[in-house]
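Asker: As a plain string of letters, each chain reads:
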Amino acid sequence: MMTHTDYQELLAAYALDAIDPADRQALSEHLADCVQCRDELSALRDTTGLLSHAAAPQEPGEHVRAQILAQVRAETRRETPAQVVNMPQRTRTAWPNMLRLAAAIAFIALLAGVIVLWRRDARMQAEMAQLSRQLDAQQGEMKSSRDLMARQQEALALMNSAVATRIQLNGMPAAPNARATLMFDKQTGRAVLLTDGLPATSADKAYEVWFIPKGRSPMPGKVFTVDSSGHAMIMERMPPEAMDGAVIAITVEPKNGSAAPTGAIHLASPAS
Amino acid sequence: MQAEASQISDNDLLKAIARGDETALAGCYDRYRLILFGLILRILHDRHEAEDVLQEVFLQVWRRAKDFDESRGRAFTWLVTIARSRALDRLRASGSRARLADGIEQEPRESIGYAAQDALKSEEGAMVRRALAELPEEQRRTLLMAYFEGLTQTEIAARLGDPLGTVKTRMRSGLMKLRELLRDSRG
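Listed in order, the protein sequences are those of chains C and D. Our numbering applies: residue 1 is where the first sequence begins, and numbers increase by one. Our numbering applies: residue 273 is where the second sequence begins, and numbers increase by one.
Honestly, the hints are just simulated from the structure, not real lab data. C-beta atoms are modelled at their ideal positions from N, C-alpha and C, and glycine is treated no differently. Hints are not guaranteed to be accurate.
Unchecked claim - Covered by chain D, per the in silico footprint, the following chain C stretches (three or more residues, Cβ under 8 Å):
#1 4-14
#2 39-53
#3 57-68
Please take these sequences and the hints and turn them into a complete structure.
Answerer: Here's what the structure looks like:
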């Protein structure tokens, strides 16, 4: 049985969040009943907070401030429906008509300044370079140039959008050097997936994307192969169930895809 | 904008943020980014991750400013607690991937100019560092391990090979002594 002194002696550890779980439980119950200890704890928490001064102040990258404010503004806009910009409706036709394409081109031109800012971020630089390479590589593979332009505009718009959600996928034991980034717009569900470092599959196999919402079975996404430099850019549609907290995974499957995952997982996002 | 922002108290800044004032959030970022990023970086040792966490922190500040209760503690404490918690969450989520200090955070030097920072904060920082230096080494080490590495008393005892009781005493004595030293220096 703990005495009041025992509880008091644990307050410092509690303030530091360094208390062992069993002690935490006991002290927490005591705190509910003891004003003296709650006041003491509050003071010790202020002292604890001052330990932050033991770390040398450091300057973050310049882009961080802008990204925070952009995200905050986007949240404000989402929460005040009257002010929401008219977003394209999700229709069965996946690709924009010529008019919206022209608007998208103008939009990209306007964002040139933003792209310059974002280029300072080394990661973004690598992804932009990869996107250029990918677009070059796919020049000859697209059926129509209109399709290609649409994909380019969409991918660039997503990458430059402050509103787009990003999910990082990490290489699994089957492909430890692989990585991928999925960027999507929660309003429209349009997504772009960029992969890097995936080995080429054999001729009878391909990679498949899976969306795994919490507690549900995997939903199949696109089937794709990588180009000669190990990259792929896939335009995707996020199922609504997968927009919040789903795991995204990539496995190897037979070349026409599979209804359920059968092959080794090569990439996966962390479980939230 | 920066000049006006520096006149506002921390409490008023948080109140403005709670009202949805984006300028106030920007002001809070300008005032606290050096301390908060330094803290997060010291915990994570990785600049890119630390920048991600810094963004998470300010989003949380934006969303939760209305929950800050000035009768329960300082605004500064509230802010650094969010930063420390998010950084430790990220540290634990990354599993046991080895984190090597890459030498980019040094012991704080007083010669660092805090151009955009509130003069009071840098004074407070200097006071805290002086007080920490006055603690017995074992007490200081215990506090810093708990704070920056997120270890429990048992984990610290195991790491140092010391009895749990000794660690408990050092942690308590260290934090109380620090509080005393700072109370004295504030007068």
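Asker: Against chain D, does the region 39-53 of chain C show at least 3 residues with beta-carbon separation below 8 Å?
Answerer: holds (count 12)
Asker: Between the region 4-14 of chain C and chain D, see if three or more residues pass the 8 Å beta-carbon test, and mark the coverage as holds or violated.
Answerer: holds (count 5)
Asker: Taking 8 Å as the Cβ threshold, is the statement that the region 57-68 of chain C is covered by chain D upheld or broken by the three-residue rule?
Answerer: Held - the region 57-68 of chain C has 9 residues with a Cβ nearer than 8 Å to chain D, which meets the minimum of three.
The earlier numbered hints are all upheld by this structure, with none contradicted.
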